[in-house]
Amino acid sequence: MTHPGVRVQAEGFDVAAESAALTAGRSDIGAVVAFTGLCRDEDGTLAALEIEHYPGMAEEEVGRVAAEAERRWPLAGLRVVHRFGRIRPGEPIVCVVTASRHRQAAFEAASFLMDFMKTRAPFWKKEHRTDGTSRDWVEAKASDDAATERWAG
Amino acid sequence: MTHPGVRVQAEGFDVAAESAALTAGRSDIGAVVAFTGLCRDEDGTLAALEIEHYPGMAEEEVGRVAAEAERRWPLAGLRVVHRFGRIRPGEPIVCVVTASRHRQAAFEAASFLMDFMKTRAPFWKKEHRTDGTSRDWVEAKASDDAATERWAG
Amino acid sequence: MKAVYFAWVRERIGKTEEVLAPPPEVVSVADLIGWLRGRGEGYEAAFEQAGAIRAALDRSHVRHEAPIAGAREIAFFPPMTGG
Amino acid sequence: MKAVYFAWVRERIGKTEEVLAPPPEVVSVADLIGWLRGRGEGYEAAFEQAGAIRAALDRSHVRHEAPIAGAREIAFFPPMTGG
Chain G
14 MTHPGVRVQA EGFDVAAESA ALTAGRSDIG AVVAFTGLCR DEDGTLAALE
64 IEHYPGMAEE EVGRVAAEAE RRWPLAGLRV VHRFGRIRPG EPIVCVVTAS
114 RHRQAAFEAA SFLMDFMKTR APFWKKEHRT DGTSRDWVEA KASDDAATER
164 WAG
Chain F
14 MTHPGVRVQA EGFDVAAESA ALTAGRSDIG AVVAFTGLCR DEDGTLAALE
64 IEHYPGMAEE EVGRVAAEAE RRWPLAGLRV VHRFGRIRPG EPIVCVVTAS
114 RHRQAAFEAA SFLMDFMKTR APFWKKEHRT DGTSRDWVEA KASDDAATER
164 WAG
Chain R
527 MKAVYFAWVR ERIGKTEEVL APPPEVVSVA DLIGWLRGRG EGYEAAFEQA
577 GAIRAALDRS HVRHEAPIAG AREIAFFPPM TGG
Chain D
527 MKAVYFAWVR ERIGKTEEVL APPPEVVSVA DLIGWLRGRG EGYEAAFEQA
577 GAIRAALDRS HVRHEAPIAG AREIAFFPPM TGG
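Residue numbers (the working numbering), protein chains in the order written: chain G, 14 to 166; chain F, 14 to 166; chain R, 527 to 609; chain D, 527 to 609.
The following block holds chain G by itself, in its conformation from the complex (with noise of 0.2 Å):
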C-alpha cells in the first residue's frame, strides 16, 4: 500500500524539486497546487515541535489517502512528504504537491490530502515551549475532523 508519491522522513524537503518531478518532460498538465505546513512559534512560546509517527503505518495510511485522492480527481501526479523528529519554528513539517489538467481538481485533491493528513496519518506533536516548563501533546481539533467530514460521500 506504499504510494510512490509518499515519504516519510527526518529531512528538509524542497517542495521546489517535488513539484519539478511532477511536471517534468510534460505538457498536459495545466495546474499545480503546492501546500507547505510550517511550524509557528505561537507567538514566541514555542522552541520546537517534536513529532512522533508510527512507522510503517504512517507510510502506508498516508498512501492510501494518496490513492483515494488519485480515485476522486483527475491527477497527472501527487506527492506528499510528512516529516518527524525534532522541527524548529519556521522550518516545514509537511507538503502536499499536486498536479493535474485543470486547477480545481489540483486545488480539492491538496485540500483534501492535508484534511485527511490531519485526521487519520499517524503522527503526534509534542511541544517544547521556550520556557522550558511545559512539554505538552498537541490536541487533536474538531475543525480539523469538521473539515475532513466535508468530503464525506
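Misleading hints may appear alongside valid ones.
Listed next, the in silico DSBU-like pairs over lysine-lysine satisfying Cα-Cα at most 35 Å (straight line) [as the list claims (entries may be wrong)]:
no.: 1; chain 1: D; residue 1: K541; chain 2: G; residue 2: K154
no.: 2; chain 1: G; residue 1: K154; chain 2: D; residue 2: K528
no.: 3; chain 1: G; residue 1: K154; chain 2: G; residue 2: K139
no.: 4; chain 1: R; residue 1: K541; chain 2: R; residue 2: K528
no.: 5; chain 1: R; residue 1: K541; chain 2: F; residue 2: K154
no.: 6; chain 1: D; residue 1: K541; chain 2: D; residue 2: K528
no.: 7; chain 1: G; residue 1: K139; chain 2: D; residue 2: K541
no.: 8; chain 1: D; residue 1: K528; chain 2: G; residue 2: K139
no.: 9; chain 1: R; residue 1: K528; chain 2: F; residue 2: K139
no.: 10; chain 1: R; residue 1: K528; chain 2: F; residue 2: K154
no.: 11; chain 1: R; residue 1: K541; chain 2: F; residue 2: K139
no.: 12; chain 1: F; residue 1: K154; chain 2: F; residue 2: K139
In case anyone wonders, no lab produced these hints; they're calculated from the structure.
Chain G is fixed; fit chains F, R and D onto it per the hints.
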C-alpha cells in the same frame, strides 16, 4: 490600486522564490499554498499561447482582487505573477502564492484569487496551432464564471 | 475620449486605439457601442454580439448602463481568458 | 500478539511495545482495552478515556468493536495531530 504583491510581466518567474519571499524571517506562518498555471499542449495541437493584456488595468484589477482576498481572509502575505506575450507548452503562465497561520485561509484565498483572475483580469489568450492553419482566441468558459459565482456574498 | 480595444475586438476594428468624439446624446456605454456600430463594417463585426462585449472606464470594469461622462479612457474587449 | 503504543498512551504505559497474551474471552479491541486497564496504574491512566483512544490492527485504523483475532500487531494512540 497597484498591490505590492502583484506583478504583470513577460518574463518567467520562480514560484519557490515568491514563496520564500513571503516566509523569510517569519515564524508565524503555518501554511503556504502556491498555485502555478501552466500552458498545456492540448494533445500536441498547440504550438504556443500568445497572451494579450491591458497594460495598467491588468495590474490594477489583479491588485483589486488581491486586496479583496486580504479583506476576506487573514493572510500573512500573497504574491500574484501573471505573464503576457508568447508562452510555449510546459511553461508557466501565472502563479498565486498565499501564506497564512492556518491552511484553510491559504487554500481558499489562493483558489479565490485564481477564480477571479480568470474572470476579471484583462488578459486574453490566443492559440497558435501546430498545424499553422488556425490562430484562435480562447473562449471564456462558463465553468470559470460558475467558479467565480461561488464566492458571491 | 480615448478608446482602446483588445483581442478580437481590436482585430475586427483594425486598430488598437483611437480618439472618439461622440455627440452629446451618447450618454452610456451602450449608447457608445450603438454609435460605434454605425462607423463601419469592422465596428459592426466587433460589436455584433454587443451583450458579450466587456467595457472598462478608466481601467475599471463597468456595465453597459454606466454613463461615460468624465471618463478619459474607455476600453472594449471580449470576456477575459487569463489565469 | 504485539502491542505498540504512541504519544501520551506510550508515556503513560511507560513502554513502546510489548507482547500480549489475552485470555480467549477478549474478542474485540474494546475487550482488550478493558483487559489492559486491569494491568496497572499506567494502563488505567492511558485508557481512562477509552473512547478517545484510537486503535489500529496491522497498521490499519479500526473501531473498538473490531475483533482482534488473527492480528499480529495492535496499536493504541491518541487522536492524530500530524499535517
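Now the hints, each set against the structure:
| no. | hint | in the structure |
| --- | --- | --- |
| 1 | D:K541 - G:K154 | holds, 26 Å |
| 2 | G:K154 - D:K528 | holds, 30 Å |
| 3 | G:K154 - G:K139 | holds, 14 Å |
| 4 | R:K541 - R:K528 | holds, 12 Å |
| 5 | R:K541 - F:K154 | holds, 26 Å |
| 6 | D:K541 - D:K528 | holds, 12 Å |
| 7 | G:K139 - D:K541 | holds, 17 Å |
| 8 | D:K528 - G:K139 | holds, 25 Å |
| 9 | R:K528 - F:K139 | holds, 25 Å |
| 10 | R:K528 - F:K154 | holds, 30 Å |
| 11 | R:K541 - F:K139 | holds, 17 Å |
| 12 | F:K154 - F:K139 | holds, 14 Å |
Checked against the numbered hints given earlier, this structure breaks none of them.
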